[in-house]
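Chemist: Model the placement of chain B on the given structure of chain A, informed by the hints.
Protein chains: 2
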Amino acid sequence: MCGIVAEYNPFHNGHQYHLEETREKLKADVIIVVMSGDFLQRGEPAIVDKWSRARAALMNGADMVVELPTDFSVQPADFFAEGAVSILNSLGCDLISFGSEDGNSQAFREAADLYIENEAELDDLFKQAHQQEKTYARNFSDVINTYFDQFPLDLTQPNNMLGFAYAKEIRRNRYDMAIETIPRKNSHYHDHELDSSFNIASATAIRRTLLEKRQPCTAVESFVPAEMYDALNSQPLISWEDLFLLLDYRLSVMSIEELSQIYLMETGLEYRLKEKISDAVSMREFIEAVKTKQLTWVSLQRICCHILMNNTKQNMIMSEKEIEAVRLLGFTEAGRDYIGRHKKEWSVNLVSNLHKRTAVNFEQDIKAGHIYRLADKERIRQQDFYTKPINFIDINTLN
Amino acid sequence: MCGIVAEYNPFHNGHQYHLEETREKLKADVIIVVMSGDFLQRGEPAIVDKWSRARAALMNGADMVVELPTDFSVQPADFFAEGAVSILNSLGCDLISFGSEDGNSQAFREAADLYIENEAELDDLFKQAHQQEKTYARNFSDVINTYFDQFPLDLTQPNNMLGFAYAKEIRRNRYDMAIETIPRKNSHYHDHELDSSFNIASATAIRRTLLEKRQPCTAVESFVPAEMYDALNSQPLISWEDLFLLLDYRLSVMSIEELSQIYLMETGLEYRLKEKISDAVSMREFIEAVKTKQLTWVSLQRICCHILMNNTKQNMIMSEKEIEAVRLLGFTEAGRDYIGRHKKEWSVNLVSNLHKRTAVNFEQDIKAGHIYRLADKERIRQQDFYTKPINFIDINTLN
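Heads up: the sequence lines are chains A and B, in that order.
With my numbering, letter number 148 in the first sequence gets 148, and the count goes up by one each step, no holes.
With my numbering, letter number 90 in the second sequence gets 90, and the count goes up by one each step, no holes.
Be a bit skeptical, because a hint or two may be false.
[Said to hold, decoys possible] Simulated pairs of lysine-lysine, DSS-like, Cα-Cα distance not exceeding 25 Å: (1) A:K356 to B:K367; (2) A:K388 to B:K276; (3) B:K344 to B:K321; (4) B:K388 to B:K356; (5) B:K344 to A:K276; (6) A:K356 to B:K344; (7) B:K388 to A:K274; (8) A:K388 to A:K343; (9) B:K274 to A:K388; (10) B:K276 to A:K367; (11) A:K276 to B:K367; (12) B:K274 to A:K367; (13) B:K367 to A:K274; (14) B:K388 to A:K276; (15) A:K274 to B:K356.
[As the list claims (entries may be wrong)] Across the chosen pairs, the derived CB separations fall in these ranges: (16) A:T358 to B:V281: 19 to 29 Å; (17) A:R357 to B:K356: 51 to 61 Å; (18) A:T358 to B:K356: 20 to 30 Å; (19) B:T292 to A:D94: 55 to 65 Å; (20) B:W297 to A:S222: 26 to 36 Å.
Hints are computed from structural coordinates only; laboratory data are not their basis.
Note that beta-carbon positions come from the ideal geometry of N, C-alpha and C, so glycine has one too.
So here's chain A without its partners, still in its complex pose:
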């Protein structure tokens, strides 16, 4: 049973390749994906809704997709990994597979063990380094490279960094889960342009093209599976710009005191946000005006997500967040069989349909889903209450 952590924003050929390699090279019988829902790790709304992204994954190699709770998805890498890996473990995965720039699984295992052995000293160094005018990611890899003569991984690469976070979680918690990475093919995470000589591009490049050109966007057709391409052309494409009005409103109504209580808010930033919002007319303009050397675009976007969702430091004490239930977004026949055979062994409830009783575990995701739909002017309401998991068995019958 192999687990994958994903966002699929959008699902593209590189993701399909990763699923195929996981199936073939790692001999995975069943593949479970834990996927971010409407709001993502980089602190932004998904370009299309979670249902379309889950469906594309199921039609291209995944057997079961569950939702990573919003409390864990809009987070720095560590909490993101903590939530995702803990869910995979609860669902009985004995193997994790992730894409990386490095591609050497042994390097991830060694890096994680090295880190955990020296965690106390490293934490002190991080605290000192945080005073400097550098981004968190830069500080992190600088500290690692100063402390260790030769660290097995290049942590300036974003997918290495995420894989490293999964590996750390697994080793620290002594989860019974093998760590395997598949090297990424043809594309670097930070590529911003599509290169038509390949059929694999980064999600960043695909999103950028989609949001610039809007629909119909034939430019991305060769880079994504047909199911995803259809979804990208039939649904509204959502970006932070579509939610900017709500953020603008929210910032203008909140007091400095309330803002200072928002999760991940840095000291003094509340004043800067209040000041800059009054002149900004787009999210891009706003973030450009607020960001500093230490506060990256991504960390600001994450804080803005928490402002939008009214997540306070108080209600986001992560050490108190236990994942008791997981939302099932969809499954194939193999997924259904796996669920049937194993669900009694699991330490989390797998929830297929939301109603009054089950909804209590998903209040944050329902709120996030409601806000997400407000970005869409022709919005379909109630994506959470009236939507059943995608049943790939029925899809096959219908096709």
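Modeler: Relative to chain A, chain B alone:
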């Protein structure tokens, strides 16, 4: 020095007639208008901004327009009257002039005195009556008509009710202010249709026509002065529907506990609002779904305004609200002379321009103004900080 309380939503020929009659019949030398800003007594945004409405008033008979603070404008008649009349008194008005269905000034004076003499007993009766399934206005006039054999005023008429509230405030506080009413001409407040055989229609009928037909709206041309007609055709027309997205968002993010703390919130209503918002796709549909026999459209709209502005019971303790400064929206030459001669005698500061130091007195109005502009998709920003009072002297020179 004559004072007028107004909303001018929009300014129409009836208002112009009222200003003319005030000037001629009541021999008013200078006319000061205290006008609601962006959000009004009925709990809705003004159809066009406060600047256009003030300008139309100045070009059609008013000498000076000041803004009624939002804390007093989005209120039941009593608090609305309290704020407005206290400002007129602070600015040295020795006469108030208002339009009414009744038209008999002596009736208002007698009604106010009668009421004040019996206030304690009447308050008890109101409290008992409030248990019944009737609207506040209905209860009010029922109690009055049961208690008094013959009450001098018909309080089921909305303008009589407002005038009565002003008269009560004046008599209760022993303000040195004469009470005069001008009978309304040709139109009833509740008329919903325009009647082309007249050139005077109710603001309600004009608004309804404007919001149904949108621009250019020649149907209202004969009912409003030219300056107002131009503004109505050159500016976005704002209604609650333009703010519904923000309300929807706000309700989905607020907890039941937070909602219960909102000013004017009735017990249990917080649950009903949360429940009904998830399916409503327009303000009209939402209010229709929420309203009951006791909770009228207008009271619900008012509560929704306070939700939008995050006004809590705690920060809206009205007995603690003192009006220390008043925002000047515009003046004529006579207005300027009057200000120059008398401002030293006033117990309130008259503020022409907002900047850091003066803004502290207008935080609520600045917030309201910011939210109001969010309703306009092509919004002009910062209506409060970069706008100077309308100077009718310069307008005349320019024309």
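Chemist: Hint by hint, where does the structure go against what was stated? Just the numbers, ascending.
Modeler: 1, 5, 6, 18, 20
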